[in-house]
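A.B. asks: Single-letter residue listing:
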Amino acid sequence: EAQVTQNPRYLITVTGKKLTVTCSQNMNHEYMSWYRQDPGLGLRQIYYSMNVEVTDKGDVPEGYKVSRKEKRNFPLILESPSPNQTSLYFCASSLSGLNYGYTFGSGTRLTVV
Amino acid sequence: EDQVTQSPEALRLQEGESSSLNCSYTVSGLRGLFWYRQDPGKGPEFLFTLYSAGEEKEKERLKATLTKKESFLHITAPKPEDSATYLCAVQASGTYKYIFGTGTRLKVLA
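First to last, the sequence lines map onto chains F and Y. 53 is the number that this note's numbering gives to position 53 of the first sequence; each next residue is one higher, with no gaps. So the number in this note's numbering is just where the residue sits in the second sequence, counting from 1, plus 113.
Misleading hints may appear alongside valid ones.
The following label-pair restraints were derived from C-beta to C-beta distances [to be verified]:
no. : chain 1 : residue 1 : chain 2 : residue 2 : range
1   : F       : K65       : Y       : T139      : 30 to 40 Å
2   : F       : K18       : Y       : T139      : 34 to 44 Å
3   : F       : D56       : Y       : G142      : 14 to 24 Å
Coverage of chain F stretches by chain Y, computed from C-beta distances (three or more under 8 Å per stretch; other residues unrestricted) [stated by the list, open to error]:
no. : segment
4   : 39-46
5   : 52-62
6   : 101-109
For the record, the hints were derived by calculation from the structure and aren't laboratory data. All figures in this text were calculated on a predicted structure; none of them were measured in a lab. C-beta: ideal position from N, C-alpha, C; glycine also.
Based on the sequences and whatever the hints tell you, model everything.
C.D. replies: Have a look at this one:
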């Protein structure tokens, strides 16, 4: 089944403790992206990647890191999480970064205390 | 600044009562406009892409249209299973970024 898989689905962590949210797609998509979704603010793009080793900042990149060493994987790293990073995170992929709709993962609900 | 505004924020319809959702956009050259459906606790599901003014796309009870300033998602004779949040997004020319609106929460009552 074609899908984007995120892990974990739920995570509660403490301020400052480094964490990684994994994302993997099995569709050989070139384009991958991370979003956070907050009430009243909608989906905001954190980082995106056009292909292996090619990444760029979205609208809210502060406090996040990404890497794209393999085509299928695009992990999101929070080096020192803070409470304002409590949010619902989605990974998405697309055949190409241009003109194609996304396939989204099921989301990761992160709480930083 | 590129911007997407959706209205209304929330909409309640009786089963069979047709209506439209609006997505207004301001972008420096539109590459594509996208509609998604999001159910509670799930990731958005892609519905349509529209590329140029005058274009229309249909899927079951949904029909999306596009003008130079806005897009409409028309829902004909909705059913309770159409209840969801509908999201609009745009991609501007010369960029890989997508900008999403905050969505319209649709509730269809039986």
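A.B. asks: Each of the hints needs a verdict: does it hold here or not?
C.D. replies: How the hints compare with the structure:
Here the CB-CB span from F/K65 to Y/T139 is close to 31 Å, well matched to the stated 30 to 40 Å. A C-beta distance of roughly 38 Å is found between F/K18 and Y/T139, which places it inside the suggested range of 34 to 44 Å. Checked against the hint of 14 to 24 Å, the C-beta distance between F/D56 and Y/G142 comes to roughly 19 Å, which is consistent with it. Coverage of the segment 39-46 of chain F by chain Y holds [criterion: at least 3 residues with CB-CB distance below 8 Å; count 6].
Taking a C-beta to C-beta cut-off of 8 Å, the segment 52-62 of chain F contributes 3 residues in contact with chain Y, enough for the three needed, and the coverage statement holds. Requiring three or more residues with a Cβ within less than 8 Å of a Cβ of chain Y, the coverage given for the segment 101-109 of chain F holds, as 7 such residues are present.
Checked against the numbered hints given earlier, this structure breaks none of them.
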